[in-house]
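K.L.:
Listed here are the chains, written in short residue letters.
2 protein chains.
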Amino acid sequence: MRETELVRKIRSLASVRSRDRSIVRAIGDDAAVLRPRPGEDLVFTSDFVLEGRHFNVSTHRPADIGHKALARSLSDLAAMGSEPVFCLVSLAIPARLPPSWVSRFYKGLLALADRTNITLVGGDLASFDKIGVDVVCCGRVPRGKALLRSGAKQGDRVYVTGELGGSAHGFATRRGAAWRRHLRPEPRIAAGIALRKLGVSACMDLSDGLSLDLVRLCAESGVGAEISPYLPIARNASLDEALHGGEDYELLFTAPSHMKIPGKIAGLPVTAIGTITASHVGKVRFAGRPLQTKGFDHFL
Amino acid sequence: MRETELVRKIRSLASVRSRDRSIVRAIGDDAAVLRPRPGEDLVFTSDFVLEGRHFNVSTHRPADIGHKALARSLSDLAAMGSEPVFCLVSLAIPARLPPSWVSRFYKGLLALADRTNITLVGGDLASFDKIGVDVVCCGRVPRGKALLRSGAKQGDRVYVTGELGGSAHGFATRRGAAWRRHLRPEPRIAAGIALRKLGVSACMDLSDGLSLDLVRLCAESGVGAEISPYLPIARNASLDEALHGGEDYELLFTAPSHMKIPGKIAGLPVTAIGTITASHVGKVRFAGRPLQTKGFDHFL
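Going down the list, the sequences are from chains P and D. Per my numbering, the first sequence runs over residues 1 to 300. Per my numbering, the second sequence runs over residues 1 to 300.
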């Protein structure tokens, strides 16, 4: 199948899904055209999903890979408290893969896109030795209201949505609900929007593991954090998986201690797991001792 | 070098370059934040640059690869008649490459970014078997003024900026000005903006070769095209390289026959190469005969 035909196929899979009038022109030109509304900010993120790094063709079906590629970027939109608007998908694939692989990839991706109300407006296609996907997502927030990593203050409480370690446990066991959770992570869009409306002080998504991601939030905010041993650990997962396991895609956030945070947000349990400190800047302490950073680092 | 340190390094290379107050938040959070101006449209494009496909490490220095990765996306912004605003760069690299490779890559990319006034606001880093880069660019145009591929009408003249076949000739010979041209393509930003102000009817960039790209423009516009044998061929390049060679990154555009098109636009020669026809929709004829499409297709 030629590139032109592949693009036509993807365009027809993606077409007439948008109910968003801010998208003036989508797939088919040199670039997509967006007409933003005044009074809003747009947020942008890009994320790779690479064969052998983030998935394997032996264990992940094309629709799973499409789902995951979009979910990773959407999770960043969730972390900013933003509402999804559009995405660009760049897909590199070995020429040996059949055209049906590409269709199934896009069907998996577009099913999640439909559910989260985001429009595929463009991207790139190329042949390569291995499968590589880069997804760029754009979201909108009311002007000045994006949730940043840099807003945590001394005395704030630290919270997480959902449970920790489930994805790492699924990856280790390849079985049951934890494995399905690993294959099909769910971006916490509704929770992110709810947290933005509550006005929490800082937020990020947990993609590389709590111990590494919380260090990043602390570094951006110029603070430290003390976390408690009572973490919301996913069923069957270990403490180690909860502290250091990647790809839970839950939201990690901070809020002033006087702010009332509901026990459930957008249907997800919310747990207070610690406190922001002015000392030990850029460091995390766990049960009174320094916590070693063992989350996923691409270059370690 | 850890991912966190790499990001810090890139952030410092990219920092305080932006004079664009519409960029509220750049590298360092889950996503970048943009505050668009009312009355303008934003255009978005993404382009892969992949090892073994678009470059080889034996012939391309890291700064060349950085330059080319950004140039490809900027060329799409030029084709829309837009002014560059910001870019996201996702870089996958083998862990064996030294940190200096990454710095030199970003220096090459950021030198072009500086010159074209575009701000690096984010992206992703990952380790992979081969080098892969995906660059997303955002540009702005006055509301409703983006140059599309779909505006060509019967009787319009077809034009190109600059010369054709130089990049393909450079790739074949690896020598002299043509090779330097291949290594460091120049996105036609100023020419694209000038064409938008003139109000030409359709425009795209020449990335995959005239014979293939003109077919794409014709298909989007629902027209055909007849091109003349008198093409502006780059020095030493062959007619075949001019007709089918990729990566010239010149602009291909159409304008009504009554519109006065200057012989030079933004310092580049402009040549009338043909006419839009109502017959042979989606086809190109050359010197009175059907022109075979031989441009670069990733999936042929």
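To be clear, the hints were calculated from the coordinates, so they are not data collected in a lab. Incorrect hints may have been included.
Claimed, not checked - Below, in silico cross-link-like pairs of lysine-lysine (BS3-like), each with a Cα-Cα straight-line distance of 30 Å or less:
# : chain 1 : residue 1 : chain 2 : residue 2
1 : D       : K283      : D       : K145
2 : P       : K9        : D       : K197
3 : P       : K130      : D       : K153
4 : P       : K283      : D       : K9
5 : D       : K107      : P       : K130
6 : D       : K9        : D       : K153
7 : D       : K153      : D       : K130
8 : P       : K294      : D       : K130
K.L.:
Hint by hint, note whether the structure agrees.
P.N.:
Okay, the hints, checked on the actual structure:
no. : hint             : in the structure
1   : D/K283 to D/K145 : holds, 27 Å
2   : P/K9 to D/K197   : violated, 34 Å
3   : P/K130 to D/K153 : violated, 41 Å
4   : P/K283 to D/K9   : holds, 20 Å
5   : D/K107 to P/K130 : holds, 27 Å
6   : D/K9 to D/K153   : violated, 50 Å
7   : D/K153 to D/K130 : violated, 44 Å
8   : P/K294 to D/K130 : holds, 25 Å
Hints 2, 3, 6, 7, counting from the list given before, are not met by this structure.
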